[in-house]
Amino acid sequence: MNIRAQVSSVFHLDKCIGCHTCSIACKNIWTDRKGAEYMWWNNVETKPGTGYPTKWEDQKQYKGGWEKAGSDLQLKMGNKSALLGRIFHNPDLPTMDDYYEPFTFKYQDLTNAPAGDDQPTARPVSMVSGKPMKIEAGPNWDDDLSGSNIYAANDPGVVQLSEEEQQQMFAIEKMVMFYLPRICNHCLNAGCVAGCPSGAIYKRGEDGIVLISQDKCRGWRMCVSACPYKKTYYGWSTGKSEKCILCYPRQEAGEAPGCFHSCVGRIRYLGVLLYDADRIEAVAKLEDKELAAAQREMILDPFDPEVIAAAKKAGIATAVMDAARKSPTYKFVKEWGIALPLHPEFRTLPMLFYVPPLLPILSKEQQGVQKLADDFFTSLEQARLPLKYLAGLFAGGNEEEIKAVYRKLIAVRIQRRNVTVGDLDNAEVDKAREIAGLSTETIEAIFRMTSLTSIKQRIVIPPMLREQAIEAGMDPEAYKQEMGFGSRKAPKRRW
Amino acid sequence: MSWIKNLIDPQARAWEEFYRNRNQCDKVVRSTHGVNCTGSCSWNVHVKDGIVGWELQATDYPPLEDGIPPYEPRGCQRGISFSWYLYSPLRVKYPTVRGILVDLWRAAKAKHEDPVAAWASIMEDPIQRKSYQKARGKGGFRRASWDEVEEIIAASTIYTIKKHGADRLIGFSPIPAMSMLSFAGGSRFMQLLGGVNLSFYDWYCDLPNASPEVWGEQTDVSESADWYNSKYIAVMGSNVNMTRTPDAHFLVEARHNGSKVTVLSPDFSMTSKHADWWLPTHAGQDGAFWMAVNHVILSEFHHQAKTPYFIDYLKRFTDTPFLVQLTEKDGVYQAGRMATAASTEAYRDEENSGFKYLVWDESQQQPKMPLGTLGFRWQQKKGEWNLQMKDGKDGSDISPALSLLDKHAEVLQVSFDDFSSESRVKRGVPVQYLETIDGRVAVTTVFDLLMAQFGVNRGLSGDYPKNYDDEQRAYTPAWQEKFTGIDRANVIQFAREWASTAETTEGKCSIIIGAGVNHWYHANLLYRAGIAALMLCGCVGKNGGGLNHYVGQEKLAPVAPWATIMGALDWSKPPRFQNTPSFHYVHSDQWRYERTADEMRVNAVAENNKMTTGHTMDQQVRAVRSGWLPFYPQFDRSPTEAVKQAEASGAKNNQEIIDWTVDQLKSKQMKFAVEDPDAPENWPRVWFIWRGNALMSSAKGHEYFLKHYLGTHSSTVAPETAEDSVKEVVWHKEAPEGKLDLIVDINFRMDTSAVYSDIVLPTATWYEKDDLNTTDMHSFIHPLQEAVPPCWESKSDWNIFKDLAKKVSQLAESHLPETVRDIVSVPLAHDTPAEMAQPEIKDWSKGECEAIPGKTMPGLAVVERDYVNLYKRFISFGPGARANGIGAHGLAWQIEDFYDQLIETNPTETWGGKTYPSLDNAKDAANVILQLAPETNGELAYRAFKVKEEKVGLPLVDLAADTRAVRTTFAELDRQPKRLLTSPCWSGLTNNGRAYAAYSLNVDRLVPWRTLTGRQHFYLDHEGYIAYGEHLPTYKTKPDPSSLQDLIVSESDEQSIMLNYLTPHGKWGIHSTYGDNHRMLTLSRGCHPFWINDQDAAQIGVVDNDWVEVYNDHGVVVTRAVVSARLPRGISLLYHAPERTIGVPKSPLRGNKRAGGHNSLNRIRLKPNLMLGGYGQFTYGWNYWGPTGANRDTFILARKLKGEPSW
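Chains as they are written, first to last, in UniProt numbering: chain A, 1 to 495; chain B, 1 to 1207.
No lab work stands behind these hints: they were computed from the structure. Treat the hints with care, since some could be wrong.
From the structure, some residues in chain A lie toward chain B, with a derived Cβ separation under 8 angstroms [what the hints assert, rightly or not]:
#1 19
#2 58
#3 121
#4 163
#5 205
#6 250
#7 261
Simulated crosslink set (EDC-like; lysine to aspartate or glutamate; CA at most 16 angstroms straight-line) [stated by the list, open to error]:
#8 B:134 - A:117
#9 A:134 - B:1204
#10 A:456 - B:60
#11 A:216 - B:1106
#12 A:134 - B:1106
#13 B:134 - A:118
#14 B:727 - B:618
#15 A:80 - A:92
#16 A:480 - B:17
#17 B:1146 - A:118
#18 A:68 - A:276
#19 B:1153 - A:118
#20 A:388 - A:165
#21 B:130 - A:117
Don't be surprised by glycine CBs; every beta carbon is placed ideally from N, CA and C.
Work out the full structure, taking the sequences as your base and the hints as a guide.
Structure representation (structure tokens):
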């Protein structure tokens, strides 16, 4: 057993209201600079939709992530030796059109325009060229665009559906949308790490955060291609790539990452997961439909004495183990099994998990009048969104995984209805619980975690033991004395 | 997987400092955003190197009771973008003036040493005046000094007071709760001048008139945490997820606690995502849905089942048991006025017996007079204004009959209006006979009228529907299908689930509602239909129940001391508070574009009589003359000039001045300004705008503003059509253009209002000033604070107005050296005995009654203005507060001891031999408020409850006993937001962490609502309401587009499509704020797009992101299209409220001039029955009552822009 600890996350999509506050928290703190304008380390997409960069999920186009090559696993963009041959010409990169051309406006004209015969207006201009432009793309271009015959219809997940299923999604009776917030998944089998020719990308030992060393990065951009989620970005000003850092400076200070802190839908949970690194390769080679379950299985139980002993041996601090036992992520992913990885078939073993959204029940149209199904709550059988679509997003196509989650979410609602109102048939409540395979107590725990938790319960940051980390290279007292004087430096272009 | 490295090595990781350094900051300061969104979110502003870097939400709100999710984090994508503004190129950094004007000014100053004379020389030269008016909005701004702009403003102010009268000075700032001192600084300045403050809540069309109609309350709602207590939530006209961003989680989390959520929305909205049931109801037809729901509830839960909880609730808390007289006309009976004690031998001699209403006692089979009605509120004897079902004369217990069905003298055929089919039906109603002093009168209960109105077949004769499938008769589930597009089976199921949830939980069903319903012309009826379902199921005044109206409502919690400072009531009263819909309808000449015949089609009436016929402008004039609505300017002459004339005619004291004024008005020698608004002497002259975007975001009929107020270019092509139909108003052949002499905008960003103003003053942003912030979405008070000093040359609003006051005082030394007297006209006011002024409507100007100020006409008062000491008064908390006490909503209490204590403990001002608590800066004023408000001072909560207890006659002070020692200072708010104390100024209870739910004080403690019966009203007993057919909850059809005069001259062809034009609140802005922010523009489409259905778009050849031209007679918009099947056909969305300053091209259709904003496409229509006044809850309150700026019933044409956009 090669036990490691990782700070990992759950996004509860049923709670997401698509507000993008998370995106701006991140933009404000990290990417509001020259060269980083177009970067959205955190972005939110409307699903169905094409996302940012456009159709990022389509690996036929982008060649991100891993694929099985016989008994081996290799990056879809090519194996390591092939990559080295391509460092001066990498064809698998998103273009500016796939992201968007960052724009601003000539705001100052409103104050400075000379007297004329008409009202001044602030024209849009490119932040790249400074010239007037027509805005034709943005980082959230298809926001709230359910039923769009351009964007939703070209969602790589929708394209896989049958003609009939696709058609239905554009009729009012089945129309649907939900939101998918995305940050770096800080994967166990990260494509970016594997793809970097400079060895600049690493996982932090203490928390598994994936970082691109701004010292070592040479801007080859192989990470951009290798990441199937397109969550590394090339900074055109510094000539280095950057990505979500899971706000390690904030976590080191005991604060939630910016996007987690600011999540006003309270959808984000963060906590330590323990996993057996020896199993990564085997898991990553499983069949698509097995991946979600297998990844859940490789997560270790922090209450298990064997695991505790192994963790001690591996040098994981007691305080980190305490945090692991309080980890909401552990509960969602492992204990309750209601959070799933995004596109596990990319085989990077993403460590960000999603609780899929409930959506309104179906209706049907008769002579201009809409008739809804008569279910009291939304239900698995009458839900608007095709399970197949969700299975394509979160379960490598395994619809049973999705169904199992929905049964649990629905059982929670039914039991709580029974507790708080008591107007349901007891047999119905028992049945819902039974098919979900949950105990009354577990349901109550899920309910509390979903509804009632405060930020300290949602986001359980392990102690980062900074003094010990610093001590490995420098006396912490000396560090304290010199902090900010000596060590502050900006990454420089090295060529 | 050897290449996946887990790196520990500190050397290799030394670079990690890079991001750590960015994250470090020097200080974190608590502040918030003074924006009109009701979020009231506490934020931590991060400052590094003296520069604001970013903001993140505070998460330290005190928790409510166990089992309710916490309030954290609060703050949305817009709020978190605010730091962008501070240093952006949109920031107003310096005082800025239109170049043409400042050149004229400097030239005039060169000729005239005296600034007022200099200003006069410009005003009195029509060519000069026109020259800068025509340049408004067209660039050419110049930086100026504070000294210079303050002098221009002060000179124009003094000039206006002397030449035209102080009531030609207009101030507009919206929604004070978000930065209450910033609002108060300006309004205090205006009121000390004798100027006019314009209302906002009604103007924004956010005032739900149904709330005063039903509850006598402006609006009171539950805090969002209470949604979590609700077990059945219907959301309509409110896109909670999009517009109530920080609150939405309570809705979502309630679902996981077993609550059902049903969303009524024509489009698949962000909130529809969270529905169990999404009901795609046709736009604006929610009323039809609820009417049918009520039909089912009444049939099954009141008639068939007689649900005990519901029946008990109705009897105790609603007007349903009260008696209504049936009047006979041509053999048919109609529901008339409520029966009053004055008509009976037994009760006629009781005090205020004409305002004490009767119920039918079912055990004694006779009329009884329960406590708590209007007459008890305003009688001398205290302690009888409560909801005990006891007789007001002898104290005996009453058992009111809800229905007379079981024991009636007769069944009479009563006529009911069905506006949906423009017909009347006759239905049997059980009656008893009331022996009155004028003879025998048939009476029935409100409940029986409701049963008949909703068509519940109880076996009585008449034209009742046979069953739910009766499509022809109004309010059946089958009937509603043609309006809503929702299957009858769903309506029936909804009604059953709703009512049974309410029965099981004792009222935990709620409606979340907002602009999507409230902005329709007939919004009051749509609301009442939903409110009826709440009242019928006992859901109002219950945690988890009630009508939760969230649009523009806000809530200024410490209202009593704030109102005193805001209105300068500590120095003089009454203030001049104007209802803005009437103001702009009249002054911006929008009335000239209306035609009586079409107005009648828009507003169906029950009977054509003097109440319901005539042009809306004429009804507006009547409302002013009758004292129902305020209007400024008041008269055709300056109000100080009027006093001088009265004195010249021999008036010796204030009463004689008033008498003289009445005589002048009666003899028509003096006219109300509203009777001739286009005459130059009646124009508003100087307009101060702060904290708002009065020329764009809220300027319904924006193009008419540009034309008639500003005198600059506009894009309206609408024909004037009123000439032939107006009778009470003078028609000028040529409408004036450019009424306003000066527009001063106080702003931190160059928005549309700034671009079109004459002078733009740079104000401190919300991270650069101290202020207070509250909301009704939660129950905390917290501060805005100065994280960094005001940037560049900006100043806080408070200091801007304080400095203007100083300049005015300096100029007054030579121009207005003596105190002057000013006659102020005010309407009959809610929460005063004037609620008993006009039980019948009579017009003194027609000789129908005497002209009596404060009774049959506006109240008149003479006040003294001291312009030389205006500045000193501004900064001193005046003696009036100490002498008169403070209060709100008809309740007042003394504060001498605390006033004196303020002088001991807080900063003071001493002048004229007296010492006052200082209001020198906003923080001082904030401390005065915090130390005097019952919501933040426990002793004053106790004291106010004591006063209320005496009035009500039931124990109440226990609600404040445990928190009597609580005191609050501004410094404490810096540390943590504080929960508001339970206060008699409000209707909810917050004791022990209980979530605030409106009217729980009324239900728990039997405190009456401030209505005619003291109960919640289904029945609106007002002569006008009966004439309009709105006395009972009803349904009126949406106006036909052909009657709306939107498209009389605009050309249409096969390349254009006509659509209903909806402007809901959007995702990327709060009104216009943030919509121009780089963050929001990047995350949306770099513009404010026009949303259109895919098939509608295909019909005009438009694909996603094409440029479109959207137009009607009022104006034009050019933007890009978003095409989506998420919208149904026939409607379009332009999310409220884009600026026309950001990336807006020219319009080829309208002269190749800059296209407009969302308000370029509308014109307001006032609903006349909302102008009624002088009786019960139908009396005026500022932002409380009056017609609203309805805008949803608007139609436009859309087409693809021809060619490339030009700039």
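Comparing the hints with the structure gives:
1. 19: Residue 19 of chain A check passes; min Cβ-Cβ to chain B is 5 angstroms, inside 8 angstroms.
2. 58: violated, 20 angstroms
3. 121: With a minimum Cβ separation of about 5 angstroms from chain B (threshold 8 angstroms), the hint on residue 121 of chain A holds.
4. 163: Nearest chain B Cβ about 17 angstroms off; hint violated.
5. 205: holds, 4 angstroms
6. 250: OK, holds: residue 250 of chain A within 8 angstroms of chain B, min 6 angstroms.
7. 261: holds, 6 angstroms
8. B:134 - A:117: Distance ~9 angstroms between residue 134 of chain B and residue 117 of chain A Cα, so the pair holds.
9. A:134 - B:1204: holds, 10 angstroms
10. A:456 - B:60: Distance ~11 angstroms between residue 456 of chain A and residue 60 of chain B Cα, so the pair holds.
11. A:216 - B:1106: violated, 45 angstroms
12. A:134 - B:1106: Given pair residue 134 of chain A, residue 1106 of chain B holds - Cα atoms ~11 angstroms apart, limit 16 angstroms.
13. B:134 - A:118: holds, 10 angstroms
14. B:727 - B:618: holds, 6 angstroms
15. A:80 - A:92: Roughly 15 angstroms between the alpha carbons, so the hint for residue 80 of chain A and residue 92 of chain A holds.
16. A:480 - B:17: Given that 16 angstroms is the threshold and the Cα spacing comes to 13 angstroms, the pair holds.
17. B:1146 - A:118: holds, 9 angstroms
18. A:68 - A:276: violated, 21 angstroms
19. B:1153 - A:118: holds, 7 angstroms
20. A:388 - A:165: OK: residue 388 of chain A and residue 165 of chain A at ~10 angstroms, within 16 angstroms.
21. B:130 - A:117: Holds: residue 130 of chain B and residue 117 of chain A sit about 15 angstroms apart, inside 16 angstroms.
Going through the hint list in order, the structure does not satisfy hints 2, 4, 11, 18.
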